[in-house]
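Participant: Sequence:
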Amino acid sequence: VLHAKGAPEIILARCTRKHTPQGLISLEASDRDAITQALKEYQGRGMRTLAFAYHEAPTLNSDMDIEHLAQGMVWLGFAAIADPVRVEVPGAIQACRRAGVGVKIVTGDNDLVARKICREVGLSTEHVLLGNDVESMTEEQLADSAETTTLFARVSPLHKQRIVKALRARQPLLGFTGDGITDAPPLRA
Numbered sequence: 001v002l003h004a005k006g007a008p009e010i011i012l013a014r015c016t017r018k019h020t021p022q023g024l025i026s027l028e029a030s031d032r033d034a035i036t037q038a039l040k041e042y043q044g045r046g047m048r049t050l051a052f053a054y055h056e057a058p059t060l061n062s063d064m065d066i067e068h069l070a071q072g073m074v075w076l077g078f079a080a081i082a083d084p085v086r087v088e089v090p091g092a093i094q095a096c097r098r099a100g101v102g103v104k105i106v107t108g109d110n111d112l113v114a115r116k117i118c119r120e121v122g123l124s125t126e127h128v129l130l131g132n133d134v135e136s137m138t139e140e141q142l143a144d145s146a147e148t149t150t151l152f153a154r155v156s157p158l159h160k161q162r163i164v165k166a167l168r169a170r171q172p173l174l175g176f177t178g179d180g181i182t183d184a185p186p187l188r189a
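First residue of the sequence shown: 1, per my numbering; consecutive thereafter.
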């Protein structure tokens with residue numbers, strides 16, 4: 001059994017059936033719409049979401065194509081995780097502003113969650129770039145956009161690295177903090 005967890009929009013797109021108390025049934029368009037609506041409601045409240053699915057195969061071995069197995073999966077559901085903003089963050093951002101330090105958010109979270117967090121801490125979401133936007137930009141375009149962008153959402157570790165490099169090209173004095181494995185490439189940059 002291949003178990004999968006991850007971004008709900010990616011996991012859901014790979015599922016063709018869903019697990020119910022009555023057994024496995026086809027995942028219909030109406031199911032997808034209901035799941036997507038529920039996800040947006042949780043994400044709009046600033047909650048991170050993580051989806052779960054599985055795929056049964058007759059045999060699994062190291063020679064099998066995992067991407068192939070990750071199609072036609074069975075939707076199990078999702079978890080909504082509250083990760084409230086620490087109370088000192090809005091004040092810290094205000095202190096940065098008073099000191100002339102700009103603050104940007106670069107996150108793998110989706111844009112609904114990230115926008116909610118930005119509102120809570122007093123950061124503008126007027127200029128937002130998503131990972132797929134970053135993906136399609138040249139280094140020069142990214143450097144131009146990064147100057148005015150406050151929020152970068154649904155970005156990969158390599159996108160984060162490109163963003164840091166683009167910002168450093170225009171602002172040699174730059175700080176970056178991160179606490180996850182996905183922050184290793186941008187921290188190194």
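One should not assume that every hint holds.
Stated by the list, open to error - Only pairs whose alpha carbons sit at most 25 Å apart, straight line, appear in this in silico DSS-like list of lysine-lysine: (1) Lys40 x Lys5; (2) Lys40 x Lys116; (3) Lys40 x Lys18; (4) Lys116 x Lys104; (5) Lys5 x Lys116; (6) Lys18 x Lys5; (7) Lys104 x Lys40; (8) Lys104 x Lys165.
Stated by the list, open to error - Quick list of simulated restraints, FRET-style, between CB atoms: (9) Asp31 x Ala169: 43 to 53 Å; (10) Ala29 x Gly100: 18 to 28 Å; (11) Glu147 x Thr36: 27 to 37 Å; (12) Asp179 x Thr16: 29 to 39 Å; (13) Ile181 x Val85: 20 to 30 Å.
If you're looking for bench data, these hints aren't it; they were derived computationally from the structure. Cβ atoms here follow ideal geometry from the backbone N, Cα and C, with glycine treated the same way.
Participant: It remains to establish, for every hint, whether it holds in the given structure.
Facilitator: Verification of the hints:
Distance hint between Lys40 and Lys5 is fulfilled; the C-alpha atoms sit about 18 Å from each other, no more than 25 Å. For the hint linking Lys40 to Lys116, the alpha-carbon distance of about 12 Å falls within 25 Å, and the restraint holds. Among the hinted pairs, Lys40 with Lys18 is consistent with the structure: their alpha-carbon atoms are about 19 Å apart, no more than 25 Å. For the proposed pair Lys116 and Lys104, the alpha carbon gap of about 14 Å is at most 25 Å, so the pair holds.
For the hint linking Lys5 to Lys116, the alpha-carbon distance of about 23 Å falls within 25 Å, and the restraint holds. The suggested pairing of Lys18 with Lys5 holds, with an alpha-carbon distance near 15 Å, which does not exceed 25 Å. Of the supplied pair hints, the one linking Lys104 and Lys40 holds, its CA atoms being roughly 23 Å apart against a limit of 25 Å. For a cut-off of 25 Å, the pair hint linking Lys104 to Lys165 stands: about 14 Å separates their Cα positions.
Range check, Asp31 to Ala169: about 46 Å between beta-carbon atoms, so the 43 to 53 Å window is met. For Ala29 and Gly100, the hinted distance range of 18 to 28 Å is not satisfied, since their beta carbons lie about 51 Å from each other. Between Glu147 and Thr36 the CB atoms are about 33 Å apart, so this pair conforms to the stated range of 27 to 37 Å. With their beta carbons about 36 Å apart, Asp179 and Thr16 fall inside the hinted range of 29 to 39 Å.
A C-beta distance of roughly 22 Å is found between Ile181 and Val85, which places it inside the suggested range of 20 to 30 Å.
Checked against the numbered hints listed earlier, the structure breaks hint 10 alone; every other hint is satisfied.
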